[in-house]
Amino acid sequence: MGRAAPPAAAAAEPAAAAPAAEPTADAAAAAAEAAALIESCSRSHALPDGRELAYVDCGGAGSRGTVLFLHPVQGNRLMALALHRPAAELGLRVIAPDRPGYGASSPHPGRTVASFAADLAVLLKALGVARVGVLGSSAGSMYAFALARNPETAPIVAGRVTLLPPWLPPSSLPDGHGVPWPLRLLSAAPVAAAAAFVGAGNALVLWRLRGGDVRVADIMTRSTPLEVAAFERDPLNDHFYRAMINEWSRPGAASAIAEEMLLCAEAGARRRLGFAFSEAAAAGAGARVFAGGDDPLVPAARVRAWAEAANGGAAAEEAAAGAAAARGGNGGASGRGGGGQPVELVVVEGGTHDGVFHTHKRAALEALAAELA
1 MGRAAPPAAA AAEPAAAAPA AEPTADAAAA AAEAAALIES CSRSHALPDG
51 RELAYVDCGG AGSRGTVLFL HPVQGNRLMA LALHRPAAEL GLRVIAPDRP
101 GYGASSPHPG RTVASFAADL AVLLKALGVA RVGVLGSSAG SMYAFALARN
151 PETAPIVAGR VTLLPPWLPP SSLPDGHGVP WPLRLLSAAP VAAAAAFVGA
201 GNALVLWRLR GGDVRVADIM TRSTPLEVAA FERDPLNDHF YRAMINEWSR
251 PGAASAIAEE MLLCAEAGAR RRLGFAFSEA AAAGAGARVF AGGDDPLVPA
301 ARVRAWAEAA NGGAAAEEAA AGAAAARGGN GGASGRGGGG QPVELVVVEG
351 GTHDGVFHTH KRAALEALAA ELA
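Numbering-wise (full-length UniProt numbering), the sequence shown opens with residue 1 and increments by one.
Worth flagging that the hints you see were computed from the coordinates, not collected in a lab.
Any given hint could turn out to be false.
[Claimed, not checked] Quick list of the computed label-pair ranges, beta carbon to beta carbon:
| no. | residue 1 | residue 2 | range |
| --- | --- | --- | --- |
| 1 | Glu39 | Glu89 | 17 to 25 Å |
| 2 | Leu185 | Ala29 | 26 to 34 Å |
| 3 | Ala189 | Arg242 | 38 to 46 Å |
| 4 | Arg210 | Gly91 | 33 to 41 Å |
| 5 | Ala88 | Gly212 | 24 to 32 Å |
| 6 | Arg51 | Asp218 | 31 to 39 Å |
| 7 | Glu152 | Arg210 | 41 to 49 Å |
| 8 | Asn246 | Ala314 | 44 to 52 Å |
The beta carbon of each residue, even a glycine, is placed where N, CA and C say it ideally should be.
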């Protein structure tokens, strides 16, 4: 198994030392470039039962390997296009599928985490991927671990799965860490009620972005200025995320998102997850985790407690990646790093749940490239 450099050596993506990239001289040209990339990278695969599995195939030619990106609850395959440039620079190919009911993928009533891992096994085999790095974002963490446990895909997963940021289902919280009340409330909601709530929220976002004067960065209210600057560094990201958000208007999209939210929130999620994260990390190749220090959805204290449980009671080897490093220093490298513990943890000082993806996506890709070497 290839071993990545420890988290302490992973450099955060520069975010503030250098000014953000100058806007494209011709905004229409930027939109056209993004649209052309979306079209050229869009794919679909017919599964054995007749369902379609939509995915994006972007990044480089894969001279250093292939990364499978697993999107968060409100994301879809198009979010992976924000990885296109750094992946291409690193020689990595990125495959990013829509989950059932999302984007252009067919619904799959009653699906589980394991059933989607089986779909991914079919896709990877069809694409001839013999070794893959796995990058899960938020809810994508569940599927990352499922792939590492699936008998068909476990042998081809390269090293640690990488979580940017992680999501911890209630069933995987260590003893003494109760389920937060918002999750208990959400887990009790009927799917139809949750879908109506999601649909209303999505409609508001779509309405706000309908005018050309509002940028995606303007609605990134849960992210820090540092994180927004990292997002804006690539002027195509605004167009990629607009396209991603426009997918929310597809028929059935709100229901698919609501079902995923309920799966994430269930106090009894183990029933549909099939395993506890600590068991998965300890039994498999382990996990590399980039957690936001100011993440209100998955607080760093909970991530530390989970990592300690996965490491058999030993504190996770941790690197605190601070804002100064994110501006282009040595990656926030402090702490120990390395070693053979199942969970390697990077806590991003001031990082938020949505924003660490943008400040640390390159660091995550670099670590995966090392695993694939």
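Hints, one by one, checked against the model:
As the Cβ distance of Glu39 to Glu89 is approximately 22 Å, the hint placing it in 17 to 25 Å holds. For the hinted restraint 26 to 34 Å between Leu185 and Ala29, the CB-CB distance of approximately 47 Å leaves it violated. Range check, Ala189 to Arg242: about 29 Å between beta-carbon atoms, so the 38 to 46 Å window is missed. Taking 33 to 41 Å as the suggested C-beta distance range, the pair Arg210 and Gly91 conforms, at roughly 38 Å.
For Ala88 paired with Gly212, a C-beta distance near 29 Å keeps the hint of 24 to 32 Å intact. The supplied range of 31 to 39 Å is met by Arg51 and Asp218, whose beta-carbon atoms lie about 36 Å from each other. Between Glu152 and Arg210 the CB atoms are about 43 Å apart, so this pair conforms to the stated range of 41 to 49 Å. Hint check: Asn246 to Ala314, Cβ distance near 46 Å, so the stated range 44 to 52 Å holds.
Comparing the model with each numbered hint stated earlier shows that hints 2 and 3 do not hold.
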